[in-house]
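Trainee: Sequence:
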Amino acid sequence: LIVANVGEEDLETPSRGLKEIQGWGVEHGVPVIPVCAKFELEASELDSSDRDEILRSVGIEKSAIGDIISTCYDLLDLITFYTPVGRELKAWTLKRGSTLLDAAGLIHTDIQKGFIKAQVVSLEDFIRYSGMAGAKEAGVVLVEGKEFVVRHKDVVVIHFNK
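Each residue of the sequence shown is one higher than the one before, counting from 175 in the working numbering.
Think of the hints as simulated: they come from the structure by calculation, not from any bench.
It is possible that some hints are incorrect.
[Stated by the list, open to error] Computed list of lysine-lysine pairs in DSBU-like fashion (alpha-carbon distance at most 35 Å, straight line):
hint	residue 1	residue 2
1	K310	K287
2	K212	K327
3	K193	K264
4	K327	K193
Just so it is clear, the structure is predicted and the values come from calculations on it, not from any experiment.
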């Protein structure tokens, strides 16, 4: 991964130097993310609505930080899954291809040892149906065993013996 610190002008119209770096990246299969660190720092000090407005005013859809994080996740072959904790979701990082049993062990070894089953729903459906209860009512919650491969952005409720 190449994170290229560029001037604000490069964000709208890439310079010859940035184009060369991007070309090299394409040629060698290396992602290149242009970032104006000065601008990102200034934007990070604002509240989210002001930040989004300022980013859009200079033709930037979103902060580059998210792109850097998601690219790193892809390069490291990682996914994020969530567990409901009260009215919030806790995010966990897991290697792509990992099973529900692996996810259970990440949370706590006792949960892994006593694993019975898990309820699984996509984050998108979890939000669409306002939580696990609504998703169950809509029939989009899966009940899976320990060998089920956890997908990126799954919401998981693990049932286990204590």
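Trainee: With reference to the structure, classify each hint as holding or not holding.
Mentor: Right, here's what the structure says about each hint:
{"no.": "1", "hint": "K310 x K287", "result": "26 Å, holds"}
{"no.": "2", "hint": "K212 x K327", "result": "31 Å, holds"}
{"no.": "3", "hint": "K193 x K264", "result": "39 Å, violated"}
{"no.": "4", "hint": "K327 x K193", "result": "33 Å, holds"}
Hint 3 from the earlier list is the only one contradicted by this structure; the remaining hints agree with it.
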